[in-house]
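In our numbering, the protein residues as written are 456 to 533.
Mixed in with the good hints there might be a few duds.
What the hints assert, rightly or not - The following label-pair restraints were derived from C-beta to C-beta distances:
id, residue 1, residue 2, range
1, Tyr-522, Gln-469, 17 to 23 Å
2, Leu-484, Tyr-508, 15 to 21 Å
3, Asp-518, Glu-492, 26 to 32 Å
4, Lys-477, Thr-503, 17 to 23 Å
5, Tyr-523, Thr-503, 17 to 23 Å
6, Asp-518, Ser-459, 26 to 32 Å
7, Pro-490, Asp-518, 16 to 22 Å
8, Asp-518, Thr-468, 15 to 21 Å
9, Gly-505, Asn-474, 17 to 23 Å
If you are wondering where the hints come from, they were derived from the structure by calculation, not from laboratory data.
C-beta: ideal position from N, C-alpha, C; glycine also.
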Amino acid sequence: MEQSGACYGTGDTQSFFTNESKAVRVAQLICGSCPMEARSACLEYALTTGMEYGVWGGILFWDGDAYYRKRPPGRPRA
456 MEQSGACYGT GDTQSFFTNE SKAVRVAQLI CGSCPMEARS ACLEYALTTG MEYGVWGGIL
516 FWDGDAYYRK RPPGRPRA
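Could you build the full structure based on these sequences and the hints that come with them?
Shown next, in the form of structure tokens:
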């Protein structure tokens, strides 16, 4: 987590490293309140270091893939 970011010092690391929809949304809202410069630095860090899991710069990473939005649970699209 970026030391100058909105997430730093919140004590809420669980929301940033889960696949639970509500927790991911909380993490993304925290990222959304972050200055763009810090959010961009966080995302760049995740991309350059190959982060596999977590919310970085407002983007969900899962198995090394970046998901710009998380689909709600339910039937998959055909």
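Verification of the hints:
In this structure, Tyr-522 and Gln-469 meet the distance hint of 17 to 23 Å, their C-beta atoms being roughly 19 Å apart. Distance hint check: the CB atoms of Leu-484 and Tyr-508 are about 19 Å apart, consistent with the given range 15 to 21 Å. Between Asp-518 and Glu-492 the C-beta distance comes to about 28 Å, which sits within the given range of 26 to 32 Å. For the hinted restraint 17 to 23 Å between Lys-477 and Thr-503, the CB-CB distance of approximately 29 Å leaves it violated.
The hinted window of 17 to 23 Å between Tyr-523 and Thr-503 holds, with their beta carbons roughly 18 Å apart. For Asp-518 and Ser-459, the Cβ-Cβ distance of about 28 Å falls inside the hinted range of 26 to 32 Å, so the restraint holds. Against the hinted window of 16 to 22 Å, the Cβ-Cβ separation of Pro-490 and Asp-518 comes to about 29 Å, which falls outside the hint. Range check, Asp-518 to Thr-468: Cβ separation about 20 Å, and the 15 to 21 Å hint holds.
Here the CB-CB span from Gly-505 to Asn-474 is close to 19 Å, well matched to the stated 17 to 23 Å.
Of the numbered hints stated above, those contradicted by the structure are hints 4, 7, listed in ascending order.
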